[in-house]
Amino acid sequence: MNQPLSIDQISLGQTYEVQIAVDEKRIAAFAEATGDNNPIHFDDEAAAKSIFGRRVAQGMLTAGFLSGVFGTQFPGSGTIYLSQSVKFVRPVFLGDKVTVRMEVVEIMTGKNRLRIKTTCLNQAGQEVLTGEAMVMPPPKQA
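Residue numbers (my numbering): 1 to 142.
It should be emphasised that the hints constitute simulated quantities derived from the structure, not laboratory data. In this text, a Cβ means the ideal position worked out from N, Cα and C, and glycines have one as well. Wrong hints could be hidden among the right ones.
Below, simulated EDC-like cross-link-like pairs (lysine to aspartate or glutamate); rule was C-alpha separation at most 16 Å, straight line [unchecked claim]:
#	residue 1	residue 2
1	K87	E132
2	K87	E127
3	K97	D23
Distance windows between CB atoms, simulated [claimed, not checked]:
#	residue 1	residue 2	range
4	E32	T72	35 to 45 Å
5	T109	N2	35 to 45 Å
6	T72	Q123	37 to 47 Å
Produce the entire structure from the sequences given, and follow the hints as far as they go.
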């Protein structure tokens, strides 16, 4: 976990990236937490018959990576996640390495809000998720 950043430590255009591996353990833990046990996430045969042709991770698992980054890495501990738009561009497959990329596109100092462009890319550099978030970074440390 990084030292949290307050709004005065963040600049317009600032980016943050982290790579996260999508494995059996993450998919199973997400299913346990949410009840999303769709066979396309767990059954090779069922997944082979789907439009994807093989097993895929839950879309919201990928979106959930954003929450984890906001709350622990950028801006970090104490960040309040206010809203998120999400578009699933392509599937994330078991074994993919997802790069979570955030870019600050607006700073609202008076309201202590950041508007952040959110993008997730697979290991081939292809977008798998796009969107935009509004967050409230932690207060300035005394």
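Enumerate the violated hints, using their earlier numbering and listing them in ascending order.
4, 5 and 6
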